[in-house]
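UniProt numbering puts the first residue of the sequence shown at 1, with every later residue one more than the last.
A couple of the hints might just be wrong.
Label pairs and their calculated CB-CB ranges [claimed, not checked]:
| no. | residue 1 | residue 2 | range |
| --- | --- | --- | --- |
| 1 | His63 | His521 | 20 to 30 Å |
| 2 | Asn257 | Gly92 | 35 to 45 Å |
| 3 | Leu517 | Ser31 | 22 to 32 Å |
The hints are simulated quantities; they were obtained by calculation from the structure and are not laboratory data. Small disclaimer: the values here were computed from a predicted structure and weren't measured. Just so you know, even glycine gets a beta-carbon here, dropped at the ideal spot from N, CA and C.
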Amino acid sequence: MKKQVILLAGTRETRLALHDQLESILGNYVSIMSHSSEEALPERISEKIVIYSSYLIEEEVKHVIGEGCEVIIANRTINHQYIDRLFSLPAGTNVLYVNDFPESVNDSIHTLKALGIDHLHYHPFFPGIKYPQTIDIAVTPGEMELIPDSITTKINLGVRLIDIHTIMKIVDRLDLPEALGIQVADRYTRRIIELSQKLSFLKEEAVKLNQYLKHVVDGVNDGIMALDSTGSITVFNDVLEKITGIPKERALNRKVNEVFHNPELLHFLLKEAGEEVPYPFLVRKTNVMVHRMPIHQEKTVVATFKNMDETIEMEKAVRLELQKKGYIAKHTFENILGKSKTIKETKKIARKLARTHLPILIQGESGTGKELFASAIHMVSSRRDAPYLAINCNALPEDLLESELFGYEEGSFTGARKGGKKGVFEQADGGTLFLDEIGDISMKLQARLLRVLQEQEIRRIGGTRNIPVDVRIIAATNKNLKEMIEKGEFREDLYHRLKVLSLSLPPLRERKEDIPLLVQHFIYESHKPKAQIERDAILKLTGLEWKGNIRELKNTLLYMLAVSEGDIISTEDLPVDQQEKSTTGETGLTGYKKAEEYKTLLQFIKELNSAGKSAGRPQLSLMMSYTSSPLTQQQIRLRLKELEQQGLVTVRRGRSGTMITQKGMEALEQQHHNTFSI
1 MKKQVILLAG
11 TRETRLALHD
21 QLESILGNYV
31 SIMSHSSEEA
41 LPERISEKIV
51 IYSSYLIEEE
61 VKHVIGEGCE
71 VIIANRTINH
81 QYIDRLFSLP
91 AGTNVLYVND
101 FPESVNDSIH
111 TLKALGIDHL
121 HYHPFFPGIK
131 YPQTIDIAVT
141 PGEMELIPDS
151 ITTKINLGVR
161 LIDIHTIMKI
171 VDRLDLPEAL
181 GIQVADRYTR
191 RIIELSQKLS
201 FLKEEAVKLN
211 QYLKHVVDGV
221 NDGIMALDST
231 GSITVFNDVL
241 EKITGIPKER
251 ALNRKVNEVF
261 HNPELLHFLL
271 KEAGEEVPYP
281 FLVRKTNVMV
291 HRMPIHQEKT
301 VVATFKNMDE
311 TIEMEKAVRL
321 ELQKKGYIAK
331 HTFENILGKS
341 KTIKETKKIA
351 RKLARTHLPI
361 LIQGESGTGK
371 ELFASAIHMV
381 SSRRDAPYLA
391 INCNALPEDL
401 LESELFGYEE
411 GSFTGARKGG
421 KKGVFEQADG
431 GTLFLDEIGD
441 ISMKLQARLL
451 RVLQEQEIRR
461 IGGTRNIPVD
471 VRIIAATNKN
481 LKEMIEKGEF
491 REDLYHRLKV
501 LSLSLPPLRE
511 RKEDIPLLVQ
521 HFIYESHKPK
531 AQIERDAILK
541 LTGLEWKGNI
551 RELKNTLLYM
561 LAVSEGDIIS
571 TEDLPVDQQE
581 KSTTGETGLT
591 GYKKAEEYKT
601 LLQFIKELNS
611 AGKSAGRPQL
621 SLMMSYTSSP
631 LTQQQIRLRL
641 KELEQQGLVT
651 VRRGRSGTMI
661 TQKGMEALEQ
671 QHHNTFSI
């Protein structure tokens, strides 16, 4: 399940521009919603990460910010795509900088100067103030309608975008993969490169490019170096100085081969052609990944240096932290397949239940997907970033299950681990604990579990102190707990504690319209992903009762795939026991259309028998093809088998083929009653 952030802006134009920017950078990892005060704000936002387009909108939107929200106020920067429009203006030119508020005007001018675009004289302008009438050039970040009519030259720089520092802050706060941070840095670096290409025809190109790069590249996480056409270093940022240990002053304006002495690295940086792919090097005893990006038109090279040792250590730390927390939920609601009204309604209810911290009891037959629903509920809950642990209460003996649930202190029993051990309740603290097969735990453990639900604390085996825990319990069973309560096998008070919220999962026989979709999914995930299943086989599968539900369906499909010839699955590939079962898909003369098929088939058999011709499957299929109910030879075979079981025909091998019986003749005589029954 994607994490979610909400963007709040003042105007529609700003909202759209910033939404597109965030979507292009974070869209693969984060679901982004956006609103503007100019259009309409949501009634209330709770438990979300909210991004303000600027501190200026805080008063306009603070009434919709609810409990649990974390606000990130975006720093904005000039849209690099249009900066070259400013460099086309001569140095010392007076320009009117236009925006909606004085604060935003001053912020924008400050940003431009900080980026080194300070060759112009900027005059702040916003609605309500006067400006020098001698100025005939105006610059604005998307507010074209605010430019005075007397201005002849209007330059639109586009909406100011969120800067890299805010983007990296969002990435860090959402705990997104570090690889994304690298991509963000590369993205900004590429924009720098694109900008350098646009500025290449200007007289002050080298100085301005280096000045601009310096202000930007020092803010990224990678080391960045730029080389001109002579191999001299024109950019050497602070991060690269830290990675290599080479002072910036010793590197700038010197030949790269005077600063670096690794021949392989020098060849990689200075080669004229080759793939633009990262390559690892050892630089001053530091393992680095170097990415070379040539700007061919200007014969310039920009290289990024990534400290591989730091990256590896960070990945290890992340993995270690995940191990400390426990397991991670693997399934989302997107993994629960089905288009039936029943399953859609069940998923809708489950999503609503996920919003609370209350215990949930999931009830359903074996194989209906109870663990999938538990995992999906966790993934959309407010605990989704916390641990998710699952334990099958039926898989362990009572004593072992008790130690797994509650943990134990050192020396509490023979073989106890030195220092003791945390149970799953402690490991899942702050998150969710899924207890599968809850109906199988002993009365002793039921009592201990009840205490945890009542007191929100546990005591380890052999321990003397109570340990508070904040764990949401999701329990599941395929047993009738009410019957167990009547028999004295399950505590009624525990039942009511667990069933604060309840979710009943439908058996597969109540959502048979989902079977074709599930079948295709299982085939796609199998060792024969391109296999095709015949329509008759789908009908057969749809007609079965599936007491083992989805698990049984999957196992059946895997069997059929294993025994099928080539990539075609037919009814003949069904397990023997299921071929014998009566199904609503192919047997039983229920429904008008089915009765008509059997009646027509019997009539054709009678005609062929009377003419002394063979009533074989090929001939019958050909004759049926001219009716409103054409049947394949495989479908003919199934229907003949049913007719034979009912005593209406006798199926023979050889030239004689199928013969109609006396009982079949009598069945045909019922035609004048417009019915056909057996």
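Q.
Taking the earlier hints as the rules, which of them does this structure contradict?
A. 1
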